[in-house]
Each structure stands twice: as structure tokens, then as C-alpha cells.
Amino acid sequence: MENLIALLVGAPLLGAAVLLCGGRRLDKAGHWLGTLLAAVSFGIGVALFADMLGRGAEDRTLYQHLFSWVSVGSFQADFAFRLDQLSMTFVLLISGVGTLIHVYSIGYMEHDERRRRFFGYLNLFVAAMLLLVLADNYLLLYFGWEGVGLASYLLIGFWQHKPSAATAAKKAFLVNRVGDIGLSIAIMLMFTTFGTFAFGPVLANADKASEGTLTAIGLMLLLAACGKSAQVPLQSWLGDAMEGPTPVSALIHAATMVTAGVYLIVRSGAIFNAAPDAQLVVTVVGAVTLLFGAIVGCAKDDIKKALAGSTMSQIGYMVLAAGLGPVGYVFAIMHLVTHGFFKAGLFLGAGSVMHGMNDEVDMRKYGGLRRYMPVTFVTFGLGYLAIIGFPGLSGFFSKDKIIEAAFAKGGTEGWILGGAALLGAGITAFYMTRVMLLTFFGEKRWQPAPDADQVPSAEPAAEHRAGRMPHPHESPKSMTIPMIVLAFGSVFAGAFFGLGDRFLNWLEPVTGYEHGNPPVGALTVTLSTMVVLAVGVAIAWSMYGRKPVPVVAPRGSFLTRAARRDLFQDDFNHVVLVRGGEHLTRSLVYVDHSLVDGVVNGTAASVGGLSGRLRKLQNGYARSYAVSMFGGTVVLIAATLLMRAV
Amino acid sequence: MSAATAAQGLLTLAANGPADKIPAPHIEYAQLAPTLIVVGAAVLGVLVEAFVPRRSRYHVQVFLAVASLAAAFAAVVGLAAGGYGNSKAHIAAMGAIAVDGPALFLQGTILLASVVAVFTFAERRLDPKAHGNRVDSFAAQAASVPGSDSEKAAVKAGFTTTEVFPLALFAISGMLIFPAANDLLTLFIALEVFSLPLYLLCAVARRQRLMSQEAAVKYFLLGAFSSAFLLFGIALLYGYAGSVSYAVIADVVDGTVTAVDPALASTMGNDALLLIGGALILMGLLFKVGAVPFHMWTPDVYQGAPTPVTGFMAAATKVAAFGALLRLLYVVLPGLRWDWRPVMWGVAIVTMLAGAVIAVTQTDVKRLLAYSSIAHAGFILAGVIATSAEGVKSVLFYLGAYSFVTIGAFAVVTLVRDAGGEATHLSKWAGLGRRSPLTAAVFAVFLLAFAGIPLTSGFAGKFAVFKAAAEGGAGALVVVGVISSAIAAFFYIRVIVLMFFSEPKADGPTVAVPSPLTMTTIAVGVAVTLVLGVAPQYFLDLAGHASTFVR
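Chains as they are written, first to last, in the working numbering: chain A, 77 to 722; chain B, 230 to 780.
Chain B with its partners taken away, still in its complex shape:
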């Protein structure tokens, strides 16, 4: 029995059997459970919008979202405990989705971050009641024109956009697939599945709706633009390899597949296609992580989007996109690393420096955090470039640490308010430490973590990433990274100085007392920041066990 016989069998089957049956795809439902649970809950959420009375929609949606995320996380833990993280790692769903250590780790991170993010979505105690109804951060009726009578009527009727919960769940389901996608088409579909709901979510802020809508339009236009590049890159790679499967492309790059598809005879094996296609796909992913020069949407969108959405997007999107980037570089293009490493070096250096330098002159907290996220994307890229198991481990750890700090920091931003909603201009934060020492102290913890001060998760993460990069031969990158960290420390510490050592303004903002939901988000953020900072080893080991990609 050999390949010949098998081929014979196939041929016979094709020749003899009637072509009336399409073989059903083989899907490992249990192994895809995390994603399927979230997708199912999202679909249910749509039905809830249609059938459940308006009064109780909020509660049902929040319950549905939290419960499904928790169940999905339990499924991830179950799969990891069942050995799918290492020994039983394999490619499921007919080669479309990988179930392996990095995928499970990142899915778990995304789910946990999403749970705390959903808590901030559900917060309804920050704004004063409008016409006797509690309101959240989202527009009463997203479809009504800002400032119009229909908007006023919607507010008066106490409408709320509970659609944000199913939208978020759809986005999360896309994010769960994105780092696990094992062929280029799945990658693209996952990208669109999580991007489209995000565009919508950006547009539904309750306050400053025009700015929010502008952010959404910009995000959508630029996102579509980058998707086009990505898709073009996929086409070129297909032309090069004759397949969209990661494994096949990698084999073709390595030269182990010599069979040529007759239809693609003129393009297959053409390195120009490979290089240009690879660069275009890289560009699409770099857009999502917010690397320079594809970062320009980040500050505008982060500032305009409702702050809970910003926090969710900044954390979860980054985790998903870096996951996909890792898989692309480590599974599809490892054979090309002598080509892409120098390029990525440049991108990482520019990203770190530009993010840190431009942040210095920012005056808005949300924009400041946006540039900070750009700088952090650069730091994570340094770990990606290490091209070693150590590098994967450090990136996984960094993503986990960073996402909780980010969500926590944006959650604090939602608390500091004045008459016009959130008071995001930095001048209004002056002296916050005198008025609300606890809030300021918590924010200071997050800022110190961003700055990478020891005993916070930021330090452990940065140390791991730089260590991996240095061991991977990227010493110069580490030097630039440390210089950028120093520049970045300036503006983080400046905010702390502003909060604690400036006189409070007479008409300064007040700190709203949130419900237990936001409190939980912030408390989890602080706890994770400190635990990963003081005792990172367990989690580093966990990330280390999960650092092998299946191919």
C-alpha cells in the first residue's frame, strides 16, 4: 500500500462514482467549542433584540454575553487541560483552524479581557439618569441623527443600544478565529468578522456623537483599504503556492513541494509574488496592531470611540492581530525570515520611537493612551522578531499583561467626568490625586505598568520581550526599545506628577462612583498587573508551555 494505490483509489472513485454527493466536511465541534459558543450567543443576542421586550433586553444581553464568554473560557481551559495545547495539538476543520498552544492561550486571553470589557459596556451608573432611566456609554438610538428630534425622543423614551452586546460577541468570535486561522481565507474572513462589528461599535457613543461617527467612518475606510491590500496579498500568495493553506505555502517556500498546478504554471514558485504577497499580508496585520506607518487611524479612533469600546478594541484586537502575525511569520514564512526580519526590524524601531515621541506632546488622555499603545506594539514586535520559542512565550505573556492594563486604564478614564461627559483633556486631571486619591493611585499603577516599572506586569513583560529579542540577535533593537521606554516613561510619569503634585482646578472634573461592574474591571486590572509583576514566573511558564505552533 502506498501513495500510488491511494491515488489509484481516488481516481477510481472519481471515475466510477457518480458526482452527485459532495463529501460533508469533517468538523471537530468540540475542539472549536470556544468560538462556536460565542458565535451561538451572538446569534441568540440578535434574536433577543427581536423578541425580548425592551425593558429586560439589557439584563438578558449582559447575562448572555458574560455567560457565553465564561463558558467559552471554560471550554478553552478544558481543551488546554486535555492536552490540545501541546501533545494533541493539531489542525481542525479540514485544515482551516489550528488548535494548539498559542491559539488556546490567546483565545483564553481574549475571552478574559472580553469579560472585563463587557463589564464596562454594561456600566450604567456613571452618567446621571436621563428622564428617570439609567444610561450607559452608548447612544440611545444609533440610527438617529445627532441632535435631531428623533434622538431626543429616543432619549426620552429610555432607549438603549443593547445591540452592542451581540456586536461585541460577533467581534470576539472573529478575534477567536483570527489567531487560530490556518489558511489565508479563514484569516481574511475572521478579520472581517471582527472588524465590521468594531466599526459599528465605534460609531455609537452617547456623547460627542459626531466625533464618534467620524472615528467610525475613518476606521471603516482605512480598514477597508488595508483589507484590500491583505486580500491582494492573499491572491499573490495563492498564485505563488497554488494553495491558501499555511502548511502548503510553507512547504512550497521550503521547496519540498515540486508538483506544479498546471493552471498556475506561469506564476508558481515566482519569488516576486511570494515577497510582495507576504509584504502585503504583513501590512494588513500591521495595520490591525497599529504599527507605524499604518498607525494613523489609532489616535483618532481611540479618541472618538466610546471609551469602553476603546478599551476593548485596544486590548482584544491587539491580542488577536499579534496572534495572527505570529502564526503567519512562524508557520507560513519561517523560510523567508532572512527577508522579513530586517524589514520588521525597521517597522519595530520606527513604531517604538514614533509612538513614544509623538505621545510626549499629547494633551488628551485617550490619545495619549493611543500613542502609548502604538509604542507598545513596537515593543511586542521586538519579541516577534526574536523568531524563537522564547520570543513566542514573551509575546504571549506581554499580550496577556498588556490587555488587562489597557482595559483597566480606559475604565478609569470613564470615571473622571465633568458636565460634558468624560473629562479627557489632561489639564482637567491636574490635582486628581488630591481629590480622589484612590482613583489617581489606581491610574498611577496602570501608568507605571505601561512605563515598565518593576513590580508591575509591564516590567515583567518588557523584560521578557527584550530578553528574547537580545538572545535572538536583535541587540540593537533592544537598545532602541530601552531608549523609547525612557522617552515613554517621561509622559507616563508626567501624568502622575500632574495628578499628585499640581493644584486641583476649581472647576475640575469629579470622579463618578461606578457600579460593581466597572469596579470589578478595574480591580481585576490592578490585581493582574501586580500579580504578573510580583510573581510572573508561573504565567511565564504557562506561556512557555503554549509557545509551540502546530503546522
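Only chain A is shown next, with the shape it has when bound in the complex:
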């Protein structure tokens, strides 16, 4: 069976290669090929999964060694895969949700003339992400990591003719570079500490290294995770990444990219377990981000950006859980999987709404859409209930466990982290209810789209429909079916995983588990979560459900304005990093001009002058050449004799 592992990565990679190199003759069939190969990958994943279930927990890990990749002295890296329960979970999520998004894109990108290329990039994205989770050493993981970065750059900037998309892609890429540096430093530290970067030896010997080294490695891994998973302080790219086509947002937020950071932390659990300081920082980052994202999500009128804030917040939950150690690893991954279902469903629903509304993204110009798009309404609504943690649905099971585990950390830390997680649940309920109410309930508020030349909306196809009144309609089957499938996942996955500790028993052999006891009792935690949730929903209802919603956003309080500006993240980056960088550059340029250039130009000028003078010796007369030879010979003989003499 282990020989199939490479095919998991190979199938979508082949798709990417064929679609990107195949040229225009594949335009007609390209999207089918891309979807088929993603589905093949999923099929192989399911087969491997079935095979894995048939074996005992001890020998479920499979290895496949393809070839020796880099072999220089003691620097050995193999192109080898490792498939265990953790990577299996990711494989199913990535290829499964990825395939659904491929299907959805067939309809969504129908009018885009570069659809073949789009599917090529999607395949590349899936392949890179699968490589990331299947790698058996950190260097190969880094390869997949960079592949994900590349694919996200290509997809966010897919509509590169729009300056905003090109800028967003560049921003995502640059911010991710910062994180990537963290990963590369972590790998270098591992190599100097352990002499290898294969998962097996590094993780098995993690506790033998000094705690300082481990803390350094852990913090560098965290930096990497922050970049890919959009955690504070490297979160700023995520909102702008909404410039990409909506299926890309769904892919980035549900199945690939942002989950990579969580995977990295959980995979490196042994390192973090031995470095409590690094773990503490991880939990702090998670808690801060979950509140940050939730607050930002409350103020956004752009439906995709509101969802982006929510992703940031939910990933914050996962990072928080992962920072809690063996108490939380399983729940981090469980929440990741359930989140994969409902967030993909929500994004696809948002895309469906936009599809029917002339690509309008401002929720204030929606309203009352439930009558026009019943399928979208129901699937989106189920996703909504799942994400706020409505009892019985997916989000309830996974999020509740994380809040419980956060309280179980004990002491002041436990109360602070648990409190943050609890508060986050309330805010989540508020902003998601707001999205729901603004979009599907209330009066219809839509207006004719502005003229083509001032279209601010995201999709280029809008240009064709500009100036017309929107006629909201349900989307085609290729789009609704993936939404329905995901809605099933949003409803049932949590219960399936949570009841009877199925997920816990599945993943525990890889990540380890210890039960945490919250200081107030699990039932109390659950009940207070329910109360907070109800309060959030109620506030949202009173603000947006009972009163008519103004089409133009009111000025709002300072907090609202701050949240609309993403809590000044870009202003901060601009003042501190951009300005600081500019100052540094200017001083360096000054030094370069005055000092370095002076030396360089001076040298060049003197070489040139010397050259001009020496050149005169070459006067074209054979006699003077002969003199030079004679003189040279005399010097040669004299020097030889002199050498003997001294």
C-alpha cells in the first residue's frame, strides 16, 4: 500500500504540469482533467484510509522512500513520505474538500477565459499541500511549504490585471517570507542540534536537547506557523487575500495554507512539549489572534472579509489548543477538520451569493436573499450554526473541547486563556449572526451596479453585468452540490468525531493525549459557552434584526472604525516596518554612494588609467616587442640567479 503514497501528491502534480504546459488545446477539457486528478488523489486517500483502519494502532504508520534527495557529507535528506493518522487526516481533508472546490470552480469560473490555468494552479496548490503534510522530514516539508506559498501567490493574484489583486498577492507572499525565514532557521537549528531533520530522530530525541535550544526552535516554528496561518503578528495578508477568486478563498481557508501552521505545531509536538516557554507563547498568540480576528470580523461589511476575520479567529482557537500540549493537540486537529467543512461551505455559499448578486460583496446591499437562493440559504445557515457552536452541530463538539482544555491549563493562565476563548465564542456568535441577518434576512437593499468603469467589485465578469439591477438567483448544480455535501459535514462531522471519542482514539497514538480537568467542571464550561453564545446572537439580533440596516455604513464608534481598519494592522506595519525600512535603506544608500561607490569608481578609474598607459607600450613595432622580450629574458635569468644566491 505504501507505494500509493507518492501518487497522492503525484496525481494533482501531474494535473498541474499538464494543464500549465499543455497550452490552449486543453482549454475545453482542462477543468475536467484537473477535477478528475484531484478526485483520484482523494480516491487513493480513501483507499489508504480503509487499509489503515484495517491495521492495529501500532503499525498504522507507512513510509515510502522515493530517492535520496540531497546527500552532501553528513547533510542527508531523503525524498521520503510518512503517512500516519495525522497526515491521513489532512490528506482526506485536503483532497476531499479540495475536490469539492474543484467541482464548484467548474461552474464559478465558467466565464473566465483563463480557467484552464486556474485549475492548473488549484492542482498545484493541492499537490504542494499534500507534499507538506506527507513529508517525512522538515526539509521536504519546507519544499511543500514553499510550494503552498507559490501556489497561493499565483491564485490570490489570479486576476493580476487588477492592481489590488496583484498587490494582495505580493503582500501575502512577502508576509509569508517572514514566516518562511523562521522555518528555515528552525531547520538549521535542528540540523546543528540533532544532525538530521527527519521527523523520527528529531522528535524522538527532542527531550535530549537543551531547553534553550528547543525554545528557540519552537519559537522559530511558531513564527513560520504565524506566517502561513495568519496569526498575529503576521496576519495582515489574510484579509487582502480575498482579492482572489472565491474558490481560492475557500481552499486557502478550509483545506490548505492556513491549516499548515497548525499541522506544523502539532507535528512538532515533541519539541514544544519539552519547551514550556515556547508553548506559552503559542497559546498567547492563539488567544490574541482569536479575539483579533473576531473583532475584525464584527465590523466588516464585505462578506468575504467578515469570513476572513472569522477564519483568523478559528485558526486562533486551533493554535491555542496546539499550544496547550497533549491536552489540546487532538482537539486542535478536530476543530481544524470540522472547521474545514463549515468554512468551505460558508465561503462557497458566499461565492454563490456573489454569483447571484452581480458580484456585489457589500452585505449592506444584500438583504432578504433567503427567498431567492433557498439552497444557498440552507447550506450557509447550517454552516453558520456549526461555526457558532450550536449544540449538536460540528463546531459545538470541537470548540467546546478547546475552551475546556484552555481552562484546564490551570492557574491564572488557565483563567485568562479560557476566558479569551469563551469571549471569542460570544463574539463569533455575534458577527456570524450579523452576516446571516444582513445577507438573508430583512428587507432587500440591492441597487443597480455602478458603471463598468468604476466597478469596485472583485470579479472581472462584473464588467459585463454592470449597470443592471441584480436578479438574485440560485447557482448552478455544480456549485450547489459541493455546498450540500459540505453542509452534511458541517452538521454531522463533529458528532461523529466527538461521540465515543472516535477522533481521540484515532489520533492519540501520534499526538499523545492527556486529559485535562478544568477547575469548574466540564458541564459548567459547556453551559457558560451556551449562555455567551445566546448573548452574542441576541445582541446581533437587536442591532441588525429588529432595525432596518442602513445601506451606507454609519460612522460607528472608535472600536468599530478601528476594526474596519483591521485594528490598524496595516498602519502599524507601515509606520514601524515600511518607514523603518525606508530609513535604513536611505542610510545604506548614502553609505553606498559616498563610501562604496567612491572606492569602486576610484578603483575603476585608476585601472582604466593604468590600462591606457600600459596600452601605449603596445606600439606596433616589432623591434620594441623584441626589446621587451629581451628585457624580460634578462630579468628572468637575473631573478633565477638571484633566487639561487639568496
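Hints are computed from structural coordinates only; laboratory data are not their basis. It should be emphasised that the depicted structure is a prediction, and the values quoted were computed from it without experimental measurement. Some hints could be false.
[To be verified] A few chain A positions that, by computed beta-carbon distances, are all more than 10 Å from chain B: (1) 135; (2) 283; (3) 711.
[To be verified] Label pairs and their computed distance ranges (CB to CB): (4) B:275 - A:149: 26 to 34 Å; (5) A:684 - B:760: 34 to 42 Å; (6) B:258 - A:721: 45 to 53 Å.
All C-beta atoms in this analysis are idealised placements derived from N, C-alpha and C, irrespective of residue type, glycine included.
Starting from the known structure of chain A, arrange chain B on it as the hints suggest.
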């Protein structure tokens, strides 16, 4: 049985036997096959000139030249495969010629470089047809006075100087012997055998014939001058050692031979003779490699000679001369290395720096490449000075890499033409990259290789040479070498900038479409440059296996 008995036997034979028989020399024909094939083809070529009708001479000569070079190369490969490169290496032809690793490696290199050079000799599609006849780079009739009626008549009659092919073959045969020569007289004869045809070849350019003839005369005069020094050096060494054989001289230097030839009693063992003679022979070889201050012929001759000849000369002569230099220093004078190393240090430093610095202000492509070849001679000298097997290996590799880059670069020069023939002034190359991107890109590859940029053969070669020099204790030399490389990079890159980032001139040159012959030469040059740059290890190992001299 001992030496005494043997000596007794000899004496008896001398005393008893009549002196009417001169013992026939023992010649290992098979082991000398590479040279003999080429010499034979050259002689045949002369006969072809005499007996084959003018119409078909060109084709017969080209075939003969290429076939003989290929056969000679096959012979070299056969000898190497037969173990003559290492285990069976020995001295053939009564002590005159060495058959060993370095000799075979260099002979192979010379033969391969010569094949592609001969392709450029045979190119006849670059110039427009004259009176309906295709013309090559060589004068219609070399003996006619430039601009005279007899020249015009020759052009009109469609004459071509097909003698260049046998001349080239004679030169190649000399070059094959030169690095294998194992006594000083063979060395001198080989030198003259390859020099004289080269003087002639320099004089037979079709265009700018006066300049070509001037170059030939200068080359001849200065070559003769340096040969005189070399010969004088040989005489002094004979006076010192009583023999011209490399092995005997080396033994005398080491002090293992004490017997004194009565006729030379007053001079034998006199170190002054050894040092002065050695220096003079060195000078003769340094002249051929174009080291400073014996380099001054190089720019004038490279510029005046027909460009195919320049390419051939720049590559093959350098390989042969460095081969002879290596053998002289490693086989004859290793005992003197504390004397010659500091001197060679100086020569290498001056050569590297002067070549790079003077090249900066050159305005003619051929002169630029000439100075570049001087700088490269300096780099190779750095490897020679290492006095280690590693040094020999690096020099062998460098020579192989350099010769193909050089021939390729000069072949590109033949393509860029305007009404007056080749447009060698650099100002005319401005914007070439816009008009003929492929040609400019290929030339850029060669320039990058000259500059020693990674992924080209130039980098691998330079790295090997500097590494060997540094390990051989010549760290300062490596520093100077790197500085010179930096200066040299300036003018190589400047040409690239000129080609790609300047506006083309309205009356700029055009790039002629060559026949497959020149295309092959250029393609082989590019291929070798890239292969040796990307995967040098196999060839470094090959050179490493061939780095032991037989003594």
C-alpha cells in the same frame, strides 16, 4: 651478470664487430600512431594539392583533414584505453617521445579542438559569392600582391588557398609532439614544425591582407627570436648535463649521475649553466603561451590573422605549449623548483594583471580576446606553479575547457559582418542582442565562461586551478588571480551590456548565417562550456587519472 659484464659486451662488440652497421632505431609505431596519422595526412594533402584538380581539392582536403584528425583521436582513445595513460606509460622512440597520461590527454584535447577549428577553416558561406564562387576566409592566391591584378585574376578564377588544410595538419602534428617531447631536441623540432605553418597561416587572410601579412611577419620575427633563445638554452643545458634527454638532465640535477663526459669536463655540473639555460628554455615556452613580458606579439597577431586561424592558434598552441611547459618543469627541473617557483610566481602575477588591465581599454573584439587569452595564461600558470598532481590535473582540465570556449568565441566573431568583412570594432557590436538574440546569447555564454561565472566551464577550471595553487602554498597568487578575475569580469560583462542594453546602430553589422560547419563548432563550444560547467566531476577525474608524467 651485472653492469660490468654488459659493459664488457658492449666493448667487445665495438672492438670486434665491423662498424659498417648502424643499428636501426627502435620505433613503437603503434604508440606514435596519433602523430603519424596526422603527419601522413599532411603529406597526402601536399600531394592532393599537386595532383587533384582544383575543383575538387577543397572537398578532398576537408575530408582528409577531418578524417585524419578523427582517426588520430581514435588512436589516442585506443592508447588511453590500453593503459598507456597510466600503468603502461613509458618513453617511446628511443627516449624521444613520452607516451603517458598528460601527453595523451593533451593530444586528445588538441585533436578535438583542431577538428572544430578545421570546420571554421572550411566555412564558405559567410562572405557573398565572388564571381559565382563560394569563398572562405583565406586569400584567393596568397602569393599575389594585395590589390594587384594577379590577385583580381585569382579571385575571378575562383582560386582558393586549399593549402591551409595540409598546413594546419603539419602544425597539428608538431603540436602533438610538443607536449610529448622527451628530449630537448625533439622539443625544439616540434616547436618549429608547428610554428612555421602557423606563420604562413597568419598571412593568408582574404580581407585586410596587409594587416594579415604584417601580423605574420611580426609573428615570424619574434618567433625566430624566441627560438634562438630556446636553442641557446638547450645548448647551455647540454653543456651542463652532457645530454639533451629529459631524464638524464633531471638525474644530473638531482646529483644521481656522477660520471663526467671528458669533453664537457669544464662545464658539466656548473649551476650557472643550468639556471641560465633553464631560464632561456622557459622563456621560449612562455613566449608561446603568451605570458607577460613575452606576450606582445599576441594582440597584433590575433588581430591580423584570419579569424579561424586565430581561434585555432589561441586554443591549440596554448594547449601544446602548456603541455611542454608542464613536462619541462615537472620532469626536467623538479629539482630546481625552489629556484623557478618564485620566478614563475612573478611571471604569473604580471601576466594575470597586465592581461586583465590592458584589456579594459581595448576596442576591438579580437584584441580584447587576445588580452583575455594573456590573462588566462596567467591563471593557468597559477596551476602550473602548484607543483602537485592536483596542479597538473587542474591545468589539464583548464586547457580542455578553455580551448573550446576560445574556438567558439572566435567562430562567433566570424559571423558578425558588415561590408568590409568581419566587424570587429566593439562599437559595431552595440545592440547586437536586439537584432540577433541567439548569436549574442551564445557569445554571452562564452564571455561568461571566460569571466569564470558558475555553471560554465570557466568557473570549474578557474576553481580547480586556484584550489590547486592555494593547496600548493601559493595563496597570494590566488588573491591576485581573483583580483584579476574581477578586473577581467568588467570587460567581459561590458561587452554583454553593450550587446544587450545599447541601442543598435543604424548601419550596424549583420549576422551571417553560417553553414552547418561553423554551427557545429559553435554548438560544440556551447555544449562543452555548459557540460564542463554543470557536471565537471567526470572530466576532472579523467584529468586526474592522466596527471602523472612518465620519467
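A quick look at each hint next to the structure:
Consistency note on residue 135 of chain A: stated as away from chain B, and its beta-carbon is indeed over 10 Å from all of that chain's, at 42 Å minimum. With a least CB separation of 42 Å from chain B, residue 283 of chain A remains clear of the 10 Å interface cut-off, as annotated. Distance check on residue 711 of chain A: its Cβ comes as close as 8 Å (rounded) to a Cβ of chain B, failing to clear the 10 Å threshold; non-interface status is violated. Taking 26 to 34 Å as the suggested C-beta distance range, the pair residue 275 of chain B and residue 149 of chain A does not conform, at roughly 59 Å.
One distance hint, 34 to 42 Å for the beta-carbon pair residue 684 of chain A and residue 760 of chain B, holds here, with the actual separation near 36 Å. A beta carbon spacing of about 48 Å between residue 258 of chain B and residue 721 of chain A agrees with the range 45 to 53 Å that was offered as a hint.
Of the hints listed earlier, those the structure fails to meet are numbers 3, 4, in rising order.
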